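Number of protein chains: 2
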Amino acid sequence: MKKTKDKINCSLVQTIEAIGDRWSLLILREAFFGVKRFDIFQSNLGIATNILSERLKKLVKDDILQRTKDPEDARRFIYKYTEKGLDLYSIVLAMINWGDRWTTGEKGPPLFLHHKTCGHRLDAMMCCSHCGKQVHAREVHYEKNPNTL
Amino acid sequence: MKKTKDKINCSLVQTIEAIGDRWSLLILREAFFGVKRFDIFQSNLGIATNILSERLKKLVKDDILQRTKDPEDARRFIYKYTEKGLDLYSIVLAMINWGDRWTTGEKGPPLFLHHKTCGHRLDAMMCCSHCGKQVHAREVHYEKNPNTL
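Those sequence lines, one after another, are chains A and B.
Under my numbering, residue 170 is the last one in the first sequence; the count climbs by one each step, no gaps.
Under my numbering, residue 170 is the last one in the second sequence; the count climbs by one each step, no gaps.
Bear in mind the hints are in silico, worked out from the structure with no lab data behind them.
Note that the structure is predicted; figures quoted are calculated from it, not measured.
Careful: at least some of the hints might be erroneous.
The list makes no distinction among identical chains, and a pair is therefore deemed to hold if it is satisfied within one copy or across any two copies.
Stated by the list, open to error - Distance condition first, Cα-Cα at most 25 Å in a straight line; then the derived BS3-like pairs of lysine-lysine: (1) K137 x K154; (2) K57 x K79; (3) K165 x K154; (4) K137 x K165; (5) K128 x K82; (6) K90 x K105; (7) K137 x K105; (8) K165 x K128; (9) K78 x K105; (10) K165 x K101; (11) K57 x K101; (12) K82 x K57; (13) K105 x K57; (14) K105 x K128; (15) K165 x K57; (16) K101 x K78.
Chain A on its own, in the form it takes in the complex (with noise of 0.2 Å):
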């Protein structure tokens, strides 16, 4: 076989580099549970406020957060997701729903996720947005696009 560099290049790289670090995804996580403030982030994940900063300012330069003037205390400012950010719930969500499944013991996973829209338990599942149906890894075909060798 020979090398791949096409698929090595693949959107795969660019999301790692974008969130591919524990605490980025850490930080993540904790906005999509509704956290917005610096020392919010600061103590509910225990980690250095340097290291905070540094993965905050990365975010928002790659437009997943947007920092603007907390509305309720103009001294403070407030993290919030973008349109880019927001649409990395589906990765989130995957890795949280693959956790409960395959790494919690007979107590069960610490979070319950619940939709709201229907009002069941949330087991996510991977589906394709043609035909509805979902997606397994053996389903899937990749061609290299012409554009881009």
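Fit chain B to the given chain A structure using the hints.
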């Protein structure tokens, strides 16, 4: 807000422990593309053999890949997904899709994904396995599991 240790210990952390480094994710991607042999992982990724060897060992230890004799050459080994490993596809697919949507330029993504089941270009989304609707971040409620407090 008090420290939310239950959130910190959520399943996301377990998943990051299992797959959260760049090389492990790229190895998993190659395995989803059908790669099974050490030398092919090595040549496709340009990864140092000691790093590849160490990452494969961890993936086998974590029951994500299984190492078996190559039926075509008994002197060699091949690496194949376990059921637990195969279930990581949602995460890898979500990451590829996000990268495709937000990080590719005018030329489009390096790879087009097709859903063999319906024959259409694949843009996957996370759906609730109960109601089938797409799941958005703001529609999920988190509840502590009393058994794990």
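Each hint, compared with the structure:
no., hint, in the structure
1, K137 x K154, "both (22 Å within a copy, 11 Å between copies)"
2, K57 x K79, "within (16 Å within a copy, 36 Å between copies)"
3, K165 x K154, "within (24 Å within a copy, 31 Å between copies)"
4, K137 x K165, "between (39 Å within a copy, 16 Å between copies)"
5, K128 x K82, "between (40 Å within a copy, 23 Å between copies)"
6, K90 x K105, "within (20 Å within a copy, 44 Å between copies)"
7, K137 x K105, "within (23 Å within a copy, 28 Å between copies)"
8, K165 x K128, "between (45 Å within a copy, 12 Å between copies)"
9, K78 x K105, "within (16 Å within a copy, 35 Å between copies)"
10, K165 x K101, "between (36 Å within a copy, 24 Å between copies)"
11, K57 x K101, "within (6 Å within a copy, 42 Å between copies)"
12, K82 x K57, "within (17 Å within a copy, 38 Å between copies)"
13, K105 x K57, "within (17 Å within a copy, 34 Å between copies)"
14, K105 x K128, "between (35 Å within a copy, 19 Å between copies)"
15, K165 x K57, "between (40 Å within a copy, 21 Å between copies)"
16, K101 x K78, "within (13 Å within a copy, 39 Å between copies)"
Figure legend: structure checked against the earlier numbered hints; every hint is met.
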